[in-house]
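Undergrad: Residue numbers (our numbering), protein chains in the order written: chain A, 14 to 334; chain P, 172 to 743.
For the record, the hints were derived by calculation from the structure and aren't laboratory data.
Keep in mind it's a predicted model, so treat the numbers as computed, not measured.
Treat the hints loosely; a few may be bogus.
As the list claims (entries may be wrong) - Here are a few chain A residues that sit away from chain P, every Cβ distance over 10 Å (derived from the structure):
#, residue
1, HIS139
2, CYS194
3, ASN199
Claimed, not checked - Taking beta-carbon pairs under 8 Å as the criterion, some of the chain P residues facing chain A (in silico):
#, residue
4, GLY506
5, ALA507
6, PHE619
Don't be surprised by glycine CBs; every beta carbon is placed ideally from N, CA and C.
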Amino acid sequence: MLSLSKPGLYSVLLALILAALWLIPADVSAGPPPNAEYIGSEACGSCHDDVMEGFSETTHGLLLSKVKKYEDKLCESCHGPGSAHAEQQDPDLIINPAKTSGMDDKPLCLDCHSDSKFADWQFSAHGAENVNCSTCHTVHSKAGQMLKTPTPDLCYGCHTDVRAEFYMPSHHPVTEGKLDCESCHNIHGTENKFAMGDDSRELCFTCHPDKEGPFMFEHEPVNEDCRMCHSPHGTVADNLLVQSEPTLCLNCHAMHFHTQLPGQDIPDEEPVPTDPNRFITSTPDGFKIGMLTKCTQCHSEIHGSDLPSQSISGSGRALTR
Amino acid sequence: MKTSHTTNRFVVLFLALIVLVTSGVVRADYTYSLWLGSHYTDFNDYAKKVGEFNRIGSDAYPEIGFTILGSTEDNLFSLDGQFYDNKNAFANMRLRANNRFSMKIGYQVFRKQLQFDLLDNFNAREAIGKKAKILSHEALDSIMDYGFDRHQAEAEFELMLAEKYDLKLVAAHRFIFDKGDEQKTSISHCYSCHVSTKSAEVKRLTNQTNLGLEASKGDVSVGYKFSYRTFKSYADDISFFYDEAKNPVSGGDAEEFSSREIYNGKDMPTGIYPDIRKYSSKVKFQVDKGKHLLNGSFSYSRTKNDVSNLDNVVVGGTVKYTTMISPKFRLYAYGALSKTTSNDVVYDIPPWREGRTGGDLDIFDYRRESSLDRLYGKGTIKALIRMNPKTRVHVLAGYEHIRRYDYPNLGSESATNTYFGEGSIRFRDGLKYKLSAKYRLELTNDPFVSYKGIFEKPGADILKKENGAPNIYYYQRERDLRYQNITTLPTIKHVVNLSGNYRASKKVGLNAGLKMTIDKNTELDSLTVEHSAFQPSVGIDVSAGNKWVLNTGYTYSYNKSTGPITVVMMDG
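Just chain P, with the same shape it has in the complex (with noise of 0.2 Å):
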């Protein structure tokens, strides 16, 4: 990899412009803004929670920013960038050229960390009263402050080809190198229930490169754009070792565990990330008579995992149209349709019993029956009315669809359809005061099931005591209670928003709101599912001329959640 020369590039890049653009070599007239400063900080562990993106350290660093904004007659460039750290900083460069080229270009890096150790919850669980066997850990290296710095560039091109047709290139592309530690865990399942982690390096690199056309000629536009994306992972692989399955409770060999003995006293490669590559074309168009305007666009995007050599392709389209019917009524529609078609393959696992005491050979072949195959299809209709010049109201419908193919079975289908609308009014005393309410309502029949549903049945007359044990009940091998079909989305949402700003005076606004959301699943039997959330907000900004701006707000935010979780009630 040589992604730190790539970054020097761009520091070399950055000041030779900053060199060109203060030594006159370009002329225009500028305006410079420079900053100085430094921070500290001292952080403790107890901040990796709330400082995920904060760099922990106990070191002053010198801080510097800066922005340079030029304009000649015919251009207008801009140059900023702050460097906060050495894992902080960003610059960007934007120009635009006689109307005819404009470019952005940008580079920034930034450090995320992970918010805890992935073992750390084992010692709180077992601090509980015994030491564990089901779990016990393992840490396999010492690093602990796992984390990754993300650099990111990005740059983007326009150029004019033809004035007459609006003819113009786009052209963007963007790279993101995520380089570090990671934390891998993997468990032996299951004498030991062992978890151990490893430290893995973290070098990924995603690539996207767009290309597309544009024209219009009149009434009518047109455009195209192709997209590539790449995303790989240079680190190497990692292994863990697989110890020998055994009962549980135990210890002993068991006949019923050979199911997971496998990968037994073998090192096996763990957590490999996929190799994506995935390409798009979109055409786009657009006739625009005023008071109609139609535009839409045709999509067709394939995505290929190399490493199990899998892929899928949606092709799409959306058709949107709006008009004017009247100076006071506005009318919208929308609508969306896309097919998704993902290969089935067998992927072909050793018998697990081959070889192996206990059973009949059982064929562990996998074949791979995508969810993702599915029809997607959308549609709204929604009108703004202006009742006056100062009140205005919109009224909103819409129906989605999605028809899910082989989920979770192959040949099975299943279907989710919601209906929703919405409404609101707004009243505006032009730039004195504006008061508006919004309310949102959701319909959805069969909202989506995870494979192998949580349950509802009651157990009383399904479980059965174990032979020989009056008090044991195999709870999780009654399949007919422990997979059912339930789901803990809701079918019915209730959306309400309401605001209010009072400018005060030319310099002193003041505003409030209230948003609340509700929701339940009306379809399940015994059981509740709801939601609520409650938002009521409060804020002030003020404005001494056009130098600068406080603004400050106040949100409170309370959130409840009422719904059945499946923990396990009895056990062997």
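Next comes chain A alone, as it looks inside the complex (with noise of 0.2 Å):
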């Protein structure tokens, strides 16, 4: 009797759904035609006028016209031959890279945006998901304005969730215009110029060396994920954390029973001892005492510290001080 783990039994699953989706026949025929030809930018003028005033002052204007190998071509340099479209007017006869697939051997920008930066654009989450370069920028715009909106809007039309989170009162600095969006995210597929491997935790340190150590006495959960306790885009919690304290330290973490004690009097002379009947017990006044307090008011070197707290418990890794 065969026998599958779930990891398994979903590697067979996935097998079967893949197969059964390359059976299904494809329907691949637009473009230009192979005997298409060349037929200079004028003919394209005579339809497309909107987009031909003031092309040759954009950015791609005015580079396509420096390069010899596009001098004559302009506009087919990246919509290709276009006589075939010219004469029959049909809009699957020429290339329009808005509505190019991702399937292709790459997409057609890359052509010309061949250095490192791009290199990674078929793995980054965008090139991944077939989004065309044209879905966010003007391709017939000048420089600086090639954007089809100013980001963060840009990007919040898509990841509207993100947008909600960056309006959280606690959030780092992006509806302020001090970061963008491509201050951590690698948007073409690049990697973050600053960070250092491609561990998630090194994008964070890039901006917060100070959180790295390696410590002598650790947080075992930065050396997971600041994701643990940190939601990066905004949150409710203070200090961009997940949930407010303590709550988010009592998920790991016991809470002390001296946190619950309600208080008392300094008397000024030391008070005799009462055990076994104390007179200070828990009360329901102490839990909300206890849900008054922030862990990281006393554990104030939360990500680590390289001095011993006074405390013996945890061998003095209680990172107080």
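These two chains come separately, so use the hints to put the complex back together.
TA: Shown next, in the form of structure tokens:
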């Protein structure tokens, strides 16, 4: 009897789905026919006058006119030979980069934009999701105006959940314009130029290197993933914490029993020990008191420290100094 | 520190560039924009909460903003900047010359304020009914508005050395300088349970330099990058006085508190920043054969903290491969493997009972067995299928493995395995409308557990009454009950993402979306751990030609979290 573990079962299911999808016939028939010829940009302008107007002042207009192999083609440098399209006025007979599928060898734009910044485009979240360059860029625009909308609004258009997070009380200063989405994210698949490794935490350390350590006394989640405690876009809790203190900390740690004890006057003279009938015990108020305490007010070096804490419990790794 | 000089140099540099450009010394076609204005703010203390990056003050400030775009036959350059107030300003310059040289230089300053007084909630806590012995607090300095200015400058250069091999020199530098005041806290355990705060000067400097070479010939590209980063605090160390430890309940001396007397009566430095030097080397390669693309990297990095003389080394690599099997079927594969090694050292702390009453000598030496020591691996395979010109499907499967050595104790091992899969379908009718649906599933075995993790075992059979105290249970001393190995991290996670865009006309676009996340820990015997998030959204964008675009949207976010938190139900 063949038995499969859960991952094994999922693998088999995945393989079956892939096989089924592969067998579906595809209809791929857009673009110029093989016998199409280049006809020059003047012919394009006779219909697309709105695009041609001022095109020579745009970034692509300026650059294409200075590259020998493109100077005669201009529009057809990107859109391919246009004779069939011009004759039949069929939009399927010309390359429209905005409608390319992502299934080609590589996106059309990468023919020219071939430097290392775009080397990983195919593996980027955008590239693999089949996002076209023209989804974000206005190709027929002047330098400095080649985004459809300035960021971060451009990104918010699709990432609406992130927009909501950036309006929470604690957030990275993106809405204030101090950071950009690209400060952290590899929009074109390019690695962050100041990241020094592939570890997900490394991205955070580029701006917050004091949290990296290595420390003599560690807080282990810091070595796992910053996102265990922090949500980088924005949170209701302070300091981008996913939950407010002490709730967040109590997800992993037991609360000190002291923390819940109600207060008492500090007597001028030392009180007489009253054990076993001590005069302080937990009360309902004590619970409230406990929940009004922030753990990091005492455990102030929560990301790690090189100094031993006073208490022996935890061998000095209480992260209080 | 000469940061103010550095700032001034940047200002002078940008002013000189503006003069050069506008005077016509640099001959080019220019496009200018200049914006003048002013703003007035009137925040009160409440604004601290939401004004973390908005400067608090009741003053009117002039504002100025500008952009300059210039182009010649072979060169493109731009300058832009804004002065909002003397704590918020930026300027950037970009230049591309003859396709051989490009550079970007930018400078920015902004202020980050502490959102709350670190002693504030003690006031609330102690207002519950009784004055507090546990905890009392004291602000030893009177500064109330803690915060720092972050000065950040970046420069990036690219120089073509040999066009034949596309050989380029790539360099970048960034410095980040934080200057201001921060609120530091310290606790004297445990007679007074006394939390005190002091103002500490912030002078933190981060410098990073990258230097690399890139080259390509035919189908093959290679690159090498060396990076070096330092972090150091130049502020004077601060110290706090540790008072005498006594019984927190009775106020009397007690042998059991001897362990907390190590620093009695001393001023001890607190909150010292690490002194970090990190360097890394990375080699990259790419082979592009049209239908087949293979790239990868190998990296080595070493991070050293000079305060504690610790370091850790990460050696790793990645490989990515994509191939177009047919015009309708593209396959992606990704693999990553890295190993982190951190040195184990013994920290020598005086025996805690030496010269004090009670018990035998107990060595307090601490051997650091770092949880950084680990092996990390990840692999994914993904298929992108074009079913017809309008419909595209993707399916992904992946596996992630983290093996931790020496965690939580020397020689012990723990491993977390995550299997994940996702699929999506997208339908697009030209530019008219687009619909997509995506689902992701993650299954995790043995997710990370915190050191001395929380408990699930019922305590009725374990808790023992204190001798002579019929109503007292010392829960916190029952280590078998208190420290166990469960976690509130999920073992199964579902993510659903639906979105739709409809372009009603060339000028008006509508979009709507829904994102849902549900996760759960299924490895627990009795407790429930579930998290859910629900985020529907709608939006509209209206563009009147190329001159202006109006974007507006609304997102509703509902998050729910159910899980155990450990509060003490019984104590002494």
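Undergrad: The structure should be examined with respect to each hint, and the outcome stated for every one.
TA: Do the hints match the structure? See the list:
no.	hint	in the structure
1	HIS139	13 Å, holds
2	CYS194	15 Å, holds
3	ASN199	13 Å, holds
4	GLY506	11 Å, violated
5	ALA507	6 Å, holds
6	PHE619	5 Å, holds
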